[in-house]
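*Asks:* According to UniProt numbering, the stretch in the sequence shown is residues 1 to 234, in order.
A few of these clues could be false.
Ranges of calculated distance between the beta carbons of each label pair, as one might list FRET restraints [as the list claims (entries may be wrong)]: (1) 191 <-> 129: 52 to 58 angstroms; (2) 59 <-> 129: 17 to 23 angstroms; (3) 91 <-> 194: 50 to 56 angstroms; (4) 57 <-> 127: 15 to 21 angstroms; (5) 190 <-> 127: 53 to 59 angstroms; (6) 112 <-> 91: 21 to 27 angstroms; (7) 82 <-> 113: 25 to 31 angstroms; (8) 217 <-> 90: 54 to 60 angstroms; (9) 71 <-> 115: 19 to 25 angstroms.
The set of hints was computed from the structure by calculation and includes no laboratory data. All figures in this text were calculated on a predicted structure; none of them were measured in a lab. By construction, the Cβ of each residue, glycine as well, lies at the ideal position given by its N, Cα and C atoms.
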Amino acid sequence: MVVGGGLLAVLGACSDDKTRRRNSELVVDRHSATLPKSSATAPDNPESSSSIEPTGPLTAVGRRYRVAVGTAYFFDNPEQSTPNGRYLRRGDVFYGEGEWNGFVKTGSVDPAGNRSTGWLKRQELSTATERPAAASAPAATAPAEPPAPDAAPRAGSFPPPAATSGARRAVVQTARAYFHNSPDLATPRKAHCVRGDKVRLGEERGAAVYVTFTNWENVTTTGWMRKDALVVVR
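Hey, can you work out the whole structure from these sequences and the hints?
*Replies:* Now the structure itself:
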């Protein structure tokens, strides 16, 4: 039975072609190409009584091929005739049952599960090599040491001043005011306040002031902040 166009092409024979093109036409049947009981000279489709049988033995049995042209059409017989409407697309890979008269014989399966045999022109195919062994994985690199939490002072920074009673309050007046681990304000942290946040003021050192901020989740962050980013409130 010759199955018309509109068949789905998925190459089931090749381990390195699992991701198939959606515009492929049929499923190439590797099983029919490798079974010992499959005849190399007799058609697999019993209904194709008009098929022309090769007059000699097939060559290159079990060879792996790749479609080298845009569309490679199937023929019912290994001769120059009208294609039967089925086809494979460029890059499709399959195993052939053998070559004869400039054609390659291969089995195929339609979406209904019916097996048939077709012939492709050898000149439209190239020999496909097996997938090379997977390259060895690169040596794993040691993970980078995670940064210290924002609230923890870095090594060599000034120790935080002791808390003072009756601390003044201030409001952030810049878009962002970053916390620093030392009053030299040389190493800003990721932690910051935004305009409108209220902080408690502590010790002052030069252009820096030690602040304490508690957010709406009741998480408290402390550190040095620029004085000019704050407005003192009573």
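*Asks:* Run every hint past the structure and note whether it holds.
*Replies:* Outcome of the hint check:
Between residue 191 and residue 129, the C-beta spacing of about 57 angstroms keeps the proposed range 52 to 58 angstroms intact. Checked against the given bound of 17 to 23 angstroms, the beta carbons of residue 59 and residue 129, roughly 19 angstroms apart, stay inside it. The supplied range of 50 to 56 angstroms is met by residue 91 and residue 194, whose beta-carbon atoms lie about 54 angstroms from each other. As the Cβ distance of residue 57 to residue 127 is approximately 20 angstroms, the hint placing it in 15 to 21 angstroms holds.
Hint check: residue 190 to residue 127, Cβ distance near 58 angstroms, so the stated range 53 to 59 angstroms holds. Taking the beta carbon of each, residue 112 and residue 91 are about 25 angstroms apart, inside 21 to 27 angstroms as hinted. Checked against the hint of 25 to 31 angstroms, the C-beta distance between residue 82 and residue 113 comes to roughly 26 angstroms, which is consistent with it. Between residue 217 and residue 90 the beta carbons are some 58 angstroms apart, a value that agrees with the proposed interval 54 to 60 angstroms.
At about 22 angstroms, the beta-carbon gap between residue 71 and residue 115 stays in the expected band of 19 to 25 angstroms.
In summary, the structure agrees with every hint in the numbered list given earlier.
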